[in-house]
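Asks: If you read the sequences in order, they're chains U and R.
All residue numbers for the first sequence refer to the UniProt record's numbering, where the first residue is 1 and numbers rise by one.
All residue numbers for the second sequence refer to the UniProt record's numbering, where the first residue is 1 and numbers rise by one.
Hints are computed from structural coordinates only; laboratory data are not their basis.
Given the structure is predicted, the values throughout are model-derived calculations rather than measurements.
Errors might be hidden in some of the hints.
Label-pair distances were calculated between CB atoms; the ranges are [as the list claims (entries may be wrong)]: (1) P78/R to E578/U: 24 to 34 Å; (2) K529/U to P86/R: 49 to 59 Å; (3) K50/R to S266/U: 30 to 40 Å; (4) A103/R to V90/U: 47 to 57 Å; (5) L419/U to T144/R: 31 to 41 Å.
Think of the CB as a built atom: it goes at the ideal place given N, C-alpha and C, for glycine as much as any other residue.
Residue-level listing of the chains:
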Amino acid sequence: MPCAFIKFCCQLVCEKLNVCNDRIRKSKMCFDNKLSEGDKINLSDLIGTLDKTPSALIKTKKQLKNLQHNQSTLETPLTRKETERIQREVAFEKTSKEVSRWQSVVLQNQKAEQLVFPLNQEPSGPKRIEQVVAGWKAQTPLEQEIFSLLRMNKQPLHDPVLTPTEEASLRAMSLEEAKIRRAELQKARVLQSYYEAKAKRERKIKSKKYHRVQKKVMRKEYLKQFDEMVKTDPAAALEELKKMELSRMKERMSLKHQNSGKWAKSKAIMAKYDDGARKAMQKQLEVNKDLTLKLVIPADEDEEDEEESAETLPDFVNDAEHILDQVNPWMRGKLSTDPMVQEESNRLDPPVVRPRELGTPGEGRDDQEEDEEQMEETEEEALLRGFEERPDQPKAGPGVGQGESPALLEEGLVRVRTLEDVELLSQDVSASDPAPLTTTQTPGTEETDTQSATQQADKKRKRKKMIDPNEVLTKEAKVIKMPLAPTAVEDVEGKEEQRVIIKEAFAGDDVISDFLKDKRKQEEAGRPKVIDLTLPGWGEWGGLGLQPSRSKRKRFRVKVAPPPPRQDQKLPNIIISEKRDSSIAAHQVCQLPFPFENPTQFERTIRSPVGRTWNTQNTVQKITAPKVVTQLGAIIEPIAREYLIKDNRQAVTGPSINLESDQGPQKKRRSQQKKKHKRKKN
Amino acid sequence: MVSPKIFSQSTNTLPANKGGYCPQHPVGEVTRKHMAVRIILLFIHINAMKVKVLSRNPDDYVRETKLDIQRVPRNYDPSLHPFEVPREYTRALNATKLERVFAKPFLASLDGHRDGVNCMAKHPKSLSTMLSGSCDGEVVWNLTKRECVRTLQAHEGFVRGMVVRFCGTSFFTVGDDKTIKQWKMETPGYGEEEEPLNTILGKSVFTSIDHHQKEGVFVTCGQQVDIWDEQRSSPIRSFSWGVDSFSCVRFNPVETELLASCASDRSIVLYDMREATPLKKVIMNMRSNTLCWNPMEAYNFTCSNEDYNLYTYDMRYLDKPFTVHMDHVSAVLDVDYSPTGKEFVSASFDKTIRIFPKDSGHSREVYHTKRMQHVISIKWSSDNKYILSASDEMNIRLWKANAAEKLGLLAPREKAAVNYSQKLKDKFQHHPQIRRIARHRHLPKSIYSQSKELRVMKEARRRKERNVRKHSKPGSMPVVTEKEKHVVTVVK
Numbered sequence: 001m002p003c004a005f006i007k008f009c010c011q012l013v014c015e016k017l018n019v020c021n022d023r024i025r026k027s028k029m030c031f032d033n034k035l036s037e038g039d040k041i042n043l044s045d046l047i048g049t050l051d052k053t054p055s056a057l058i059k060t061k062k063q064l065k066n067l068q069h070n071q072s073t074l075e076t077p078l079t080r081k082e083t084e085r086i087q088r089e090v091a092f093e094k095t096s097k098e099v100s101r102w103q104s105v106v107l108q109n110q111k112a113e114q115l116v117f118p119l120n121q122e123p124s125g126p127k128r129i130e131q132v133v134a135g136w137k138a139q140t141p142l143e144q145e146i147f148s149l150l151r152m153n154k155q156p157l158h159d160p161v162l163t164p165t166e167e168a169s170l171r172a173m174s175l176e177e178a179k180i181r182r183a184e185l186q187k188a189r190v191l192q193s194y195y196e197a198k199a200k201r202e203r204k205i206k207s208k209k210y211h212r213v214q215k216k217v218m219r220k221e222y223l224k225q226f227d228e229m230v231k232t233d234p235a236a237a238l239e240e241l242k243k244m245e246l247s248r249m250k251e252r253m254s255l256k257h258q259n260s261g262k263w264a265k266s267k268a269i270m271a272k273y274d275d276g277a278r279k280a281m282q283k284q285l286e287v288n289k290d291l292t293l294k295l296v297i298p299a300d301e302d303e304e305d306e307e308e309s310a311e312t313l314p315d316f317v318n319d320a321e322h323i324l325d326q327v328n329p330w331m332r333g334k335l336s337t338d339p340m341v342q343e344e345s346n347r348l349d350p351p352v353v354r355p356r357e358l359g360t361p362g363e364g365r366d367d368q369e370e371d372e373e374q375m376e377e378t379e380e381e382a383l384l385r386g387f388e389e390r391p392d393q394p395k396a397g398p399g400v401g402q403g404e405s406p407a408l409l410e411e412g413l414v415r416v417r418t419l420e421d422v423e424l425l426s427q428d429v430s431a432s433d434p435a436p437l438t439t440t441q442t443p444g445t446e447e448t449d450t451q452s453a454t455q456q457a458d459k460k461r462k463r464k465k466m467i468d469p470n471e472v473l474t475k476e477a478k479v480i481k482m483p484l485a486p487t488a489v490e491d492v493e494g495k496e497e498q499r500v501i502i503k504e505a506f507a508g509d510d511v512i513s514d515f516l517k518d519k520r521k522q523e524e525a526g527r528p529k530v531i532d533l534t535l536p537g538w539g540e541w542g543g544l545g546l547q548p549s550r551s552k553r554k555r556f557r558v559k560v561a562p563p564p565p566r567q568d569q570k571l572p573n574i575i576i577s578e579k580r581d582s583s584i585a586a587h588q589v590c591q592l593p594f595p596f597e598n599p600t601q602f603e604r605t606i607r608s609p610v611g612r613t614w615n616t617q618n619t620v621q622k623i624t625a626p627k628v629v630t631q632l633g634a635i636i637e638p639i640a641r642e643y644l645i646k647d648n649r650q651a652v653t654g655p656s657i658n659l660e661s662d663q664g665p666q667k668k669r670r671s672q673q674k675k676k677h678k679r680k681k682n
Numbered sequence: 001m002v003s004p005k006i007f008s009q010s011t012n013t014l015p016a017n018k019g020g021y022c023p024q025h026p027v028g029e030v031t032r033k034h035m036a037v038r039i040i041l042l043f044i045h046i047n048a049m050k051v052k053v054l055s056r057n058p059d060d061y062v063r064e065t066k067l068d069i070q071r072v073p074r075n076y077d078p079s080l081h082p083f084e085v086p087r088e089y090t091r092a093l094n095a096t097k098l099e100r101v102f103a104k105p106f107l108a109s110l111d112g113h114r115d116g117v118n119c120m121a122k123h124p125k126s127l128s129t130m131l132s133g134s135c136d137g138e139v140v141w142n143l144t145k146r147e148c149v150r151t152l153q154a155h156e157g158f159v160r161g162m163v164v165r166f167c168g169t170s171f172f173t174v175g176d177d178k179t180i181k182q183w184k185m186e187t188p189g190y191g192e193e194e195e196p197l198n199t200i201l202g203k204s205v206f207t208s209i210d211h212h213q214k215e216g217v218f219v220t221c222g223q224q225v226d227i228w229d230e231q232r233s234s235p236i237r238s239f240s241w242g243v244d245s246f247s248c249v250r251f252n253p254v255e256t257e258l259l260a261s262c263a264s265d266r267s268i269v270l271y272d273m274r275e276a277t278p279l280k281k282v283i284m285n286m287r288s289n290t291l292c293w294n295p296m297e298a299y300n301f302t303c304s305n306e307d308y309n310l311y312t313y314d315m316r317y318l319d320k321p322f323t324v325h326m327d328h329v330s331a332v333l334d335v336d337y338s339p340t341g342k343e344f345v346s347a348s349f350d351k352t353i354r355i356f357p358k359d360s361g362h363s364r365e366v367y368h369t370k371r372m373q374h375v376i377s378i379k380w381s382s383d384n385k386y387i388l389s390a391s392d393e394m395n396i397r398l399w400k401a402n403a404a405e406k407l408g409l410l411a412p413r414e415k416a417a418v419n420y421s422q423k424l425k426d427k428f429q430h431h432p433q434i435r436r437i438a439r440h441r442h443l444p445k446s447i448y449s450q451s452k453e454l455r456v457m458k459e460a461r462r463r464k465e466r467n468v469r470k471h472s473k474p475g476s477m478p479v480v481t482e483k484e485k486h487v488v489t490v491v492k
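Please put together the full structure from these sequences, using the hints given.
Replies: Have a look at this one:
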């Protein structure tokens, strides 16, 4: 049966292809032979022919052999449900990857200061003529002539608006590169102007000593050059020598550096008493001697060196200055602080934690209370932490914890129609609002504090009849001595040790007196002060050394009415702050709003004014620019795929330019210079 | 040094006053005063012979033409303008109050339907055209004139869904009569009959339809989700995944081959048009009615749920929504994103419309009128300025998207003032007095009491849970966040 079937197949194939292929014919012959023998066909028979063919089919051979040996049955295919599930998973992976390409665009839009819709706006304004007139051709001879001229000069005619050279230049330099180049040029220009300014400044310096030093340096340089010249070009050196001789002669004729100048005369007077002046005179005389001597050999090197060490300015004067802020020319000339010193200073000042002061009308609250508040908050945070998101998912937005976040709207039955209604609304608030807020959100804030304080006060009042609390605080505690039965010896020793340690640690601490001092200070601060409004010179003579008359002073001294008695007046061991003003508190922000991380940040945003009164026109425009700008009557279409492509291209070109590489060698050079100076100093 | 102002004054005014009578001052007094000035000046002249004279460039203060605005020199020295924070605070307060006073969002009511309005469609190319389908026929509207342009009897029974083709030349409708019909956007000429371009007869009722952004492909849902080619009368692909009825299907406007649908088994299913199988589905506690993709963020969509909430999902992480939007007090029936993708508007069975910022848990605005009944369909106009709501009581209402916004062209100064006051409002929004005014909204009594009741219930539930947790073995009662509560499973 199988033989017949295979034969039939072979025939069928041959007929169908209708190709006179030798190979097929041969194989058919082979099959025919086999079939004529009447045997069964084994797999090995088929493989046998394969054995003769070389390496190309080795793989299939192996597979077939494996099949021959393998007796076990194939696994059943997966069920339809499972295959579908796998397909779904694969498809989902694929699409989610595809969609994730938008992530950067979405984030960018979220962070954007301003979004202008519709997104793909064409640039407004008139279009170029070349774009408008596309299929236009020169017809008249004049036009043709013009065009031929343009063509000769390689001027653009139609669509490419730029000339080839312009295009080449555009291609040569991208915008980023151009920017960098421009920055470099700018820097160079700034440096140049700086050096010019420096030269000008130096020229203006009147200090003689400075110029002397300068001259000496110049001279030394000159001599060095001369030495070299002697070696390389003796003829020129000879001429130079002549020049020097001439200058010497001139000097001699002018008779400078003798004791005839103004300075020298004054020094001569001073020389009797002042050692320095005497030395200066001597030095001048020496110079004179030098100059008037006929020179054969240039001055002695060693001597000069010594002088130099005495007189020259410190090395850093001649350094290429170390620029702190490269952009800002005003930042030059500052000496950089030593890093070590800076570190130390950093270590010395611990990070200052500022008390939580919120709200516009500047008003501080008591530190103690704030601390407590913070404590409360941290507890709340700890509670909230349980509600936080799982970390494995990316945070897509500032998703507020739903249960905890306050509603954006306060819905009520009152309808606001006019300004009076609004006014009423705000009045209601001031009467009713703050109390529930504080009680619900921060149970341990000022309100409760004061409550507890008053409660305590009540209790104290009751007790007062028996014990005066003032005395309790100030009097020393009576030490009661008790015989201690040593129950566990080691324990007692340990305790003793600890006590000693604590005693040593708090040796100079007198907590109670400190507290009392503190309280007194606060009381002092709260006491009313006399305001002196006297102005000198009104109604009487004024001037230096004249005081306003006594009667006037008496008249213009305003005494402020004493404030109500302090709440903690009769509570010696409590300080109740009087700084909190409930009337202002109703207008203040009591909790740090969401995006801010610390109160100072929030205060800063509030403190900086926005309006035209305080800012220039441009700044106001920039600050008050709306976050979303839409055009009137323009249809905003969904973001298109082109946007994504554009964004990607930007991302590719953006960071490729390395700004750091330019600065590298400069830094190196600078550090080398520093090293050199150090060596010199040593 | 002598001030040049005084100098010039004295020389100018003295001769003038000699002759005439000055109404303000009696003559004698004036002359005496000026004599004094003159003496002082003389004195100075003798002392220092140098006289300084002001020289100004008239270009700095003279206008070129009289049509120019007068230049007002300003001194920005902060010491001259003290109390900047209190002043700005007052301005912010006033701006907030005015905003509340001018918050009049309701613009117009389009009446003319003789049955509840079931669906609406925006025109992709024209802002002033809008389509609405009612429970008995359908109407094309012109919004600028607020009048009905064309009426046609599209289906027998409800019009379930309608969508305008991306080019705006034709539109598709599906109805309870198991047909999909394509219509021309142009009104037929005089004597011509209203006839659909194409009619496809389906096997079952279609509940929703949406069109591809760029190609001639649309999708319908009913018993299964079918993708149709406009040229063929049978679907090119149909998806079903053990669900027998879908309520809504939407194409993703950004990644245009993606789809999402809401099914009656409380699930949201994602599809890719190019794949043979659906992608994934998430099953929630209650059924989602509709969903809308964010037109600016390819992977985010928001669905309106029967449990009074809306959920915004990232399609890559379906195991929990990244924001739960609460505030409605009844089932949410429809949702539509603003074309800027920053906000969305939802319509609810509680007869209100609410506007939510896309990443905030609560609404920023609530709209309602006395006569508006259950809001069934809602659309945000594609210029981001208006909202259209269709409700049960046969009306379509036109609202402003920003309640206090002034419509129409603004003069540049007006625009600057608006921007400034907006900035001030943002800056001081956390101050309690301002916040109170800015957040105040009027609600009908029924909704108000209902929301109060809901709040109480929620608080009670929370308290109970807390108590149970307190009294059970630590760790045995895991904390389930609000986001996780509403998702049952994600089926892969």
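Asks: Are the hints correct? Go through all of them and say.
Replies: Checked hints:
Taken as a hint, the range 24 to 34 Å holds for the pair P78/R and E578/U, whose Cβ atoms sit roughly 31 Å apart. Taking 49 to 59 Å as the suggested C-beta distance range, the pair K529/U and P86/R does not conform, at roughly 25 Å. In this structure, K50/R and S266/U meet the distance hint of 30 to 40 Å, their C-beta atoms being roughly 35 Å apart. For A103/R paired with V90/U, a C-beta distance near 52 Å keeps the hint of 47 to 57 Å intact.
The hint said 31 to 41 Å for the Cβ distance between L419/U and T144/R, and at roughly 32 Å that hint holds.
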